[in-house]
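J.: FYI, the working numbering numbers position 21 of the sequence shown as 21, with every residue one higher than the one before it.
Hint data in this document are derived by calculation from the structure and do not stem from the laboratory.
Ideal Cβ placement from N, Cα and C applies to all residues, glycine included.
Incorrect hints may appear among the rest.
[What the hints assert, rightly or not] Here are the computed distance ranges between Cβ atoms for each label pair: (1) S2 <-> P59: 17 to 25 Å; (2) R52 <-> Q73: 25 to 33 Å; (3) G47 <-> D24: 31 to 39 Å; (4) V44 <-> V4: 50 to 58 Å.
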Amino acid sequence: MSRVLSTDQARQAVANLGRIVDGDLVGQLGALRAEGATLSDPNVWDGMEAARFRGETWPQAESALRQMIEALQQLRTYVQTINQNIMTAGGNA
């Protein structure tokens, strides 16, 4: 039988990870997306390099930010599920 264990330290880390993902980190990534969207508006920011940003740089960066947000939310859910399963199995130390 394999060992299951979730110490106070592990439970605190799971909670902290969730707070970071739900709060500052995802919020900041969302803020970056909003600022990039603003800079993508030619009525706000225009010129040859701004057009390159709008057409090439920003679409790739925005996609990466969106994927990062999704990955972080999946990570949060995954560690919470693992911890809950450990606790259900009686691994709370």
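J.: Now look at each hint and say whether the structure bears it out.
T.: Structure-based check of all given hints:
Separated by about 45 Å at the C-beta atoms, S2 and P59 break the suggested range of 17 to 25 Å. For R52 and Q73, the hinted distance range of 25 to 33 Å is satisfied, since their beta carbons lie about 31 Å from each other. A beta carbon spacing of about 33 Å between G47 and D24 agrees with the range 31 to 39 Å that was offered as a hint. A C-beta distance of roughly 54 Å is found between V44 and V4, which places it inside the suggested range of 50 to 58 Å.
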